[in-house]
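2 protein chains.
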Amino acid sequence: MRILVLGAAGMVGRRLIDRLLAEGTIAGQAIDVIDAVDVIAAEIPATGRITIDVKASDVSDPDEITALIDKRPDIIFHLAAIVSGEAEADFEKGYRINQAGMSHLLEAIRAKGGNYRPRLVFTSSIAVFGAPFEEPIGDTFLMAPLTSYGTQKAICELLLNDYSRKGFVDGVGIRLPTIVVRPGKPNKAASSFFSGIIREPLAGQEAILPVADDVRHWVASPSAAIGFLMHAATMDTERLGARRCLTMPGLSVTIAEMIEALRMVAGDEVAGRIRREPDAVIEKIVAGWPRDFAADRALQAGFTADPDFASIIKAHIADEKQRVAQAGA
Amino acid sequence: MRILVLGAAGMVGRRLIDRLLAEGTIAGQAIDVIDAVDVIAAEIPATGRITIDVKASDVSDPDEITALIDKRPDIIFHLAAIVSGEAEADFEKGYRINQAGMSHLLEAIRAKGGNYRPRLVFTSSIAVFGAPFEEPIGDTFLMAPLTSYGTQKAICELLLNDYSRKGFVDGVGIRLPTIVVRPGKPNKAASSFFSGIIREPLAGQEAILPVADDVRHWVASPSAAIGFLMHAATMDTERLGARRCLTMPGLSVTIAEMIEALRMVAGDEVAGRIRREPDAVIEKIVAGWPRDFAADRALQAGFTADPDFASIIKAHIADEKQRVAQAGA
Numbered sequence: 001m002r003i004l005v006l007g008a009a010g011m012v013g014r015r016l017i018d019r020l021l022a023e024g025t026i027a028g029q030a031i032d033v034i035d036a037v038d039v040i041a042a043e044i045p046a047t048g049r050i051t052i053d054v055k056a057s058d059v060s061d062p063d064e065i066t067a068l069i070d071k072r073p074d075i076i077f078h079l080a081a082i083v084s085g086e087a088e089a090d091f092e093k094g095y096r097i098n099q100a101g102m103s104h105l106l107e108a109i110r111a112k113g114g115n116y117r118p119r120l121v122f123t124s125s126i127a128v129f130g131a132p133f134e135e136p137i138g139d140t141f142l143m144a145p146l147t148s149y150g151t152q153k154a155i156c157e158l159l160l161n162d163y164s165r166k167g168f169v170d171g172v173g174i175r176l177p178t179i180v181v182r183p184g185k186p187n188k189a190a191s192s193f194f195s196g197i198i199r200e201p202l203a204g205q206e207a208i209l210p211v212a213d214d215v216r217h218w219v220a221s222p223s224a225a226i227g228f229l230m231h232a233a234t235m236d237t238e239r240l241g242a243r244r245c246l247t248m249p250g251l252s253v254t255i256a257e258m259i260e261a262l263r264m265v266a267g268d269e270v271a272g273r274i275r276r277e278p279d280a281v282i283e284k285i286v287a288g289w290p291r292d293f294a295a296d297r298a299l300q301a302g303f304t305a306d307p308d309f310a311s312i313i314k315a316h317i318a319d320e321k322q323r324v325a326q327a328g329a
Numbered sequence: 001m002r003i004l005v006l007g008a009a010g011m012v013g014r015r016l017i018d019r020l021l022a023e024g025t026i027a028g029q030a031i032d033v034i035d036a037v038d039v040i041a042a043e044i045p046a047t048g049r050i051t052i053d054v055k056a057s058d059v060s061d062p063d064e065i066t067a068l069i070d071k072r073p074d075i076i077f078h079l080a081a082i083v084s085g086e087a088e089a090d091f092e093k094g095y096r097i098n099q100a101g102m103s104h105l106l107e108a109i110r111a112k113g114g115n116y117r118p119r120l121v122f123t124s125s126i127a128v129f130g131a132p133f134e135e136p137i138g139d140t141f142l143m144a145p146l147t148s149y150g151t152q153k154a155i156c157e158l159l160l161n162d163y164s165r166k167g168f169v170d171g172v173g174i175r176l177p178t179i180v181v182r183p184g185k186p187n188k189a190a191s192s193f194f195s196g197i198i199r200e201p202l203a204g205q206e207a208i209l210p211v212a213d214d215v216r217h218w219v220a221s222p223s224a225a226i227g228f229l230m231h232a233a234t235m236d237t238e239r240l241g242a243r244r245c246l247t248m249p250g251l252s253v254t255i256a257e258m259i260e261a262l263r264m265v266a267g268d269e270v271a272g273r274i275r276r277e278p279d280a281v282i283e284k285i286v287a288g289w290p291r292d293f294a295a296d297r298a299l300q301a302g303f304t305a306d307p308d309f310a311s312i313i314k315a316h317i318a319d320e321k322q323r324v325a326q327a328g329a
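As they're listed, the protein sequences go chains E and P. My numbering numbers the first residue of the first sequence as 1 and each following residue consecutively. My numbering numbers the first residue of the second sequence as 1 and each following residue consecutively.
The shape of chain E in the complex, shown without the other chains (with noise of 0.2 angstroms):
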């Protein structure tokens, strides 16, 4: 089998190949070669029997797609993406990488003909959804985005479905929630409270909580978006009709679920460690967000959500022994 994964060097897809290299195989068959590529080189440590070819390479521009898809991979990753926040400050690159790259990606495919059709596993996002919500937002609530990373997110899934109705590739659309716990830094995103909250106080450092306790959202660990990507690569895709893109399974967390859940965890130290710091402008953009789902096709179709909350923040914190002892050794 040979895998490209687009977007390699983000923290989804350093986790994908990490797993993938763990696994060996992939529904039931040897992986020989991944693709690993990203606007710049994705480091990745070298490996044993699995070959990596790591690419800086460019989604919008079509040469280069053409040429990684004439090395024919039997699954893709579509990860790449630019941000919310830089998609609606700069239209044109938003449309550029986000949507441009996916026409360009399916036309690759669609060119090879004869019997190529590989699956595409695509992150899509939950803002494909604007306000106002329906809550729970079923499966059947309309796509209205308040952004243009929604709208472009929401153009390509719609090209999944329409590409792969007509044969020409295999598509699976998963839609991630939030994903908490990020390791690493605080980002600037609007949402980076959400781990920062658990991440920087396990770490023996101050969090500042912008919102309200009663704040709820939609969220997912890193493995289980890990877990949602394999799953997506491997499923019967014949159970999801022409409907290819699927809200994943998260859980819906209050802020309070979530810090009782540190406690519980980690304890009144660590917990008391988070500091409440109103922010208008960060409470305003996230009363916007979805916060809460009834993911009902993906759970039929097989998709494994986080058991708990405290399981997200335990899984954080074996992770991050992992890390350690990994730099240490």
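Hints should not be assumed to be uniformly reliable.
The list treats identical chains as one, so a pair stands whether inside a single copy or across any two.
[Unchecked claim] Derived lysine to any residue pairs resembling SDA-like cross-links, with alpha carbons at most 20 angstroms apart:
#, residue 1, residue 2
1, 166, 146
2, 321, 110
3, 188, 241
4, 93, 103
5, 185, 1
6, 166, 131
7, 188, 18
8, 93, 104
9, 284, 322
10, 71, 188
11, 166, 88
12, 188, 200
13, 185, 268
14, 71, 190
Derived from the structure by calculation, the hints contain no laboratory data.
Given chain E, put chain P in place with the hints provided.
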């Protein structure tokens, strides 16, 4: 006011221009110029005060679109499209005309910059919806098209919403019901018989009915469609918020109800000219079409449906009389 009509040679485009010429004003302002554009030059009779610029142009050519937008039309009606069957048969042409055409138009408008923000009325389609349906289909039901045509229209809707949200254009998308009674000859569309079973008997000819009498469909008259376009061109768009595209209010009628209305309006002899000749292929296609909508948002926004099916028949009879009188004059 300068008005650009893309798709001016089609049935809807021709009727829209007739209406604009008859009114002479729009939104309380005099119409000065109508740019009547289609892939073939529209035949439009010379008129009085209003200048009509007829042009054969291809919406899939960005330069031609830019040249049209350089004239800074105040209102743009984008009706140009290839039909469902052709878009399904010719994948590339469908995307080139129906989707890239809209992208070029929006980009040409955005490129003007400054305070240029024309009203753009776009004709979408109920083909953006695909089975399985909720019934009636409400305003928050997902777009899950089962054709490339429906996919292209859905993408155009998403783009229209996003470009409007960003302030580049002032867009309104209207999803037209099946237009009944279409004048002229039967065509190869699977929906052709919905007009045929009214038009042919009224003209003294036999009509074939290929589906069962209990088949239900969503229809509007040509004159209701023109009413939708005129209202979309002049309405207050603030009330639409970020959701600029609306299902237009049609009538949900069964074949039996259509025939009964024909009997009431034109008598038993006319209604007796319908011959039942079931066609499994057409029955299957029609079974996949939406049958009923709750077009609440459009009604609240002031769009008006035909009062009943008998009125649609009477309007068709009046139109035909006028056409015959004009041809004889």
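Hints, one by one, checked against the model:
no.	hint	verdict
1	166 / 146	between (29 angstroms within a copy, 10 angstroms between copies)
2	321 / 110	neither (45 angstroms within a copy, 51 angstroms between copies)
3	188 / 241	neither (38 angstroms within a copy, 28 angstroms between copies)
4	93 / 103	both (14 angstroms within a copy, 15 angstroms between copies)
5	185 / 1	neither (35 angstroms within a copy, 55 angstroms between copies)
6	166 / 131	between (32 angstroms within a copy, 17 angstroms between copies)
7	188 / 18	neither (26 angstroms within a copy, 55 angstroms between copies)
8	93 / 104	both (15 angstroms within a copy, 16 angstroms between copies)
9	284 / 322	neither (37 angstroms within a copy, 58 angstroms between copies)
10	71 / 188	neither (37 angstroms within a copy, 42 angstroms between copies)
11	166 / 88	between (32 angstroms within a copy, 9 angstroms between copies)
12	188 / 200	within (15 angstroms within a copy, 66 angstroms between copies)
13	185 / 268	neither (23 angstroms within a copy, 80 angstroms between copies)
14	71 / 190	neither (39 angstroms within a copy, 42 angstroms between copies)
The structure is inconsistent with the numbered hints 2, 3, 5, 7, 9, 10, 13, 14, although it conforms to all the rest.
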